[in-house]
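Asker: This is what each chain is made of:
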Amino acid sequence: AETLQIVVSSSPVPSHANDKESYLWRSHTGGFGTTLESRGSCKRNQGIENQKKSERKVSSAVSNMSRRYDSRTTIFSPEGRLYQVEYAMEAIGNAGSAIGILAKDGVVLIGEKKVTSKLLQTSTSAEKMYKIDDHVACAVAGIMSDANILINTARVQAQRYTFMYQEPMPVEQLVQSLCDTKQGYTQFGGLRPFGVSFLFAGWDKNHGFQLYMSDPSGNYGGWKAAAVGANNQAAQSILKQDYKDDASREEVVELALKVLSKTMDSTSLTSEKLELAEVFLTPSGSVQYHVHSPESLTKLLVKHGVTQPAAETS
Amino acid sequence: MAMQIFEYNGSAVVAMVGKNCFAIASDRRLGVQLQTIATDFQRISKIHDRVFIGLSGLATDVQTLYQRLVFRHKLYQLREERDMKPETFASLVSAILYEKRFGPYLCQPVIAGLGEDDKPFICTMDSIGAKELAKDFVVSGTASESLYGACEAMYKPDMEAEELFETISQALLSSVDRDCLSGWGGHVYVVTPTEIKERILKGRMD
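Here the protein sequences come in this chain order: F and X. For reference, each letter of the first sequence is one residue, going 1 to 314 in the working numbering. For reference, each letter of the second sequence is one residue, going 315 to 520 in the working numbering.
There's no promise every hint is true.
[Stated by the list, open to error] When the alpha-carbon atoms are kept at most 27 angstroms apart in a straight line, the in silico DSS-like pairs for lysine-lysine are as follows:
id, chain 1, residue 1, chain 2, residue 2
1, F, K205, X, K360
2, X, K388, F, K205
3, F, K131, X, K414
4, X, K360, F, K131
5, F, K131, X, K399
Bear in mind the hints are in silico, worked out from the structure with no lab data behind them.
Given the sequences, and given the hints that come with them, work out the whole structure.
Answerer: If you want it as structure tokens, here you go:
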């Protein structure tokens with residue numbers, strides 16, 4: 001009898017002996033490999049990989065192994081990580097960046113507006129900067145809807161303090177109180193964390209001007225200069241080199257514009273893509289939060305020579 | 315001596331409407347029944363540049379209610395990015411008072427402000443939030459009956475700021491002189507679209 005072999009392609013059928021790369025077995029990770037794995041070798045390989053993972057630094061790529069530990073926020077992974085919190089930080093890494101820098105006589109916050117369509121109704125309300133109380137403002141990076149909830153919470157917390165003590169809430173206490181709220185979402189309730197990082201800028205009479213950065217885990221720190229959002233690591237490294245203590249507000253605004261122009265993805269800076277705000281003391285001694293108008297921003301951009309594409313910044 | 319809770323501290327507050335302006339005035343005495351404790355007690359407070367509230371009645375509720383209103387107004391300002399209109403503010407006060415319907419704040423507020431187009435607005439309410447809008451003047455406090463009489467007699471519509479100040483001051487001082495629980499001077503705010511003038515009156519210091 002004749003056997004009929006119907007060849008659909010011109011290349012020969014792979015065989016285990018001849019074509020090791022195209023003849024694949026299912027592996028313990030769920031992917032494919034060239035060797036057949038027995039139960040014993042499966043367990044062994046799992047152990048080796050777990051060891052390797054705990055030695056690796058935090059990276060954005062997560063292997064299939066960890067999928068079973070990231071569906072709930074309220075449990076640790078075997079390596080001691082909270083995956084949901086890290087995924088939240090991933091989300092923020094894709095959002096518009098924001099930078100905050102401390103000056104001798106104030107704090108400057110600058111943000112990159114991601115949504116710039118001609119159709120967008122640019123009313124007086126801001127996208128990146130929000131006032132929390134008369135003496136505290138914040139810049140936001142991440143999921144806007146999550147940010148709105150937290151901003152409202154912060155505002156109410158500040159007012160509750162003022163109602164109780166009849167004086168403005170110290171900046172660190174406000175940041176801590178908000179971060180306690182964020183931490184709750186990483187420990188109980190089974191709800192996902194907030195996908196927002198904040199930069200808080202404020203003044204109080206005990207500690208003067210302060211800048212704080214907080215992230216979805218509920219961690220916060222006081223900074224002289226900080227960046228959140230897209231390209232924040234690049235911004236932080238530039239800030240580390242160029243930041244000077246006791247700079248004036250104008251020098252700090254210049255630094256902020258330069259750093260943002262270098263780290264922003266777009267080729268040129270215009271006032272529509274930015275929001276700039278300052279927290280400072282008026283001569284009479286009261287705290288002012290001032291958001292620059294587009295006209296004032298354009299003037300500043302021209303003055304510091306950053307309206308051209310990033311390659312030509314002075 | 316029977317204790318009347320609304321007469322415990324003593325107070326007099328009055329507000330009047332003028333031509334594109336308003337005036338709000340109060341006495342300055344804080345007493346504990348017959349004893350005078352302070353002669354500089356503040357009963358009128360600014361909510362924002364165009365809305366003032368004067369609270370008569372029990373002094374502790376005057377202070378606490380004012381602090382609660384500042385809380386609510388600050389949040390309103392942050393969320394809506396504008397100041398509250400006086401009519402809106404009056405509704406807020408009324409709602410807050412009614413929340414405590416069965417254990418009320420023992421105050422009677424007098425609200426005065428400049429609304430849209432600089433039109434002056436005044437109103438008063440009882441301690442559980444019943445609003446009373448008026449076109450000419452509103453009064454509140456232990457001296458309210460005398461104040462009604464004095465204002466009715468002295469009030470004219472469409473007075474300018476200076477004349478309004480004279481009128482409200484005379485009405486206040488003559489009324490508190492007939493009331494032993496209020497007095498010790500007066501505190502008058504005259505508010506026009508361009509400025510807020512605050513004055514202290516010296517009357518019979520008793």
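Asker: Hints first: check each against the structure and report whether it holds.
Answerer: These are the hints, each one checked on the structure:
1. F:K205 x X:K360: 24 angstroms, holds
2. X:K388 x F:K205: With Cα atoms ~20 angstroms apart, X:K388 and F:K205 stay inside 27 angstroms; holds.
3. F:K131 x X:K414: At roughly 31 angstroms apart (the allowed maximum being 27 angstroms), X:K414 and F:K131 break the hint.
4. X:K360 x F:K131: 21 angstroms, holds
5. F:K131 x X:K399: 21 angstroms, holds
The earlier numbered hint that this structure contradicts is number 3, and it is the only one.
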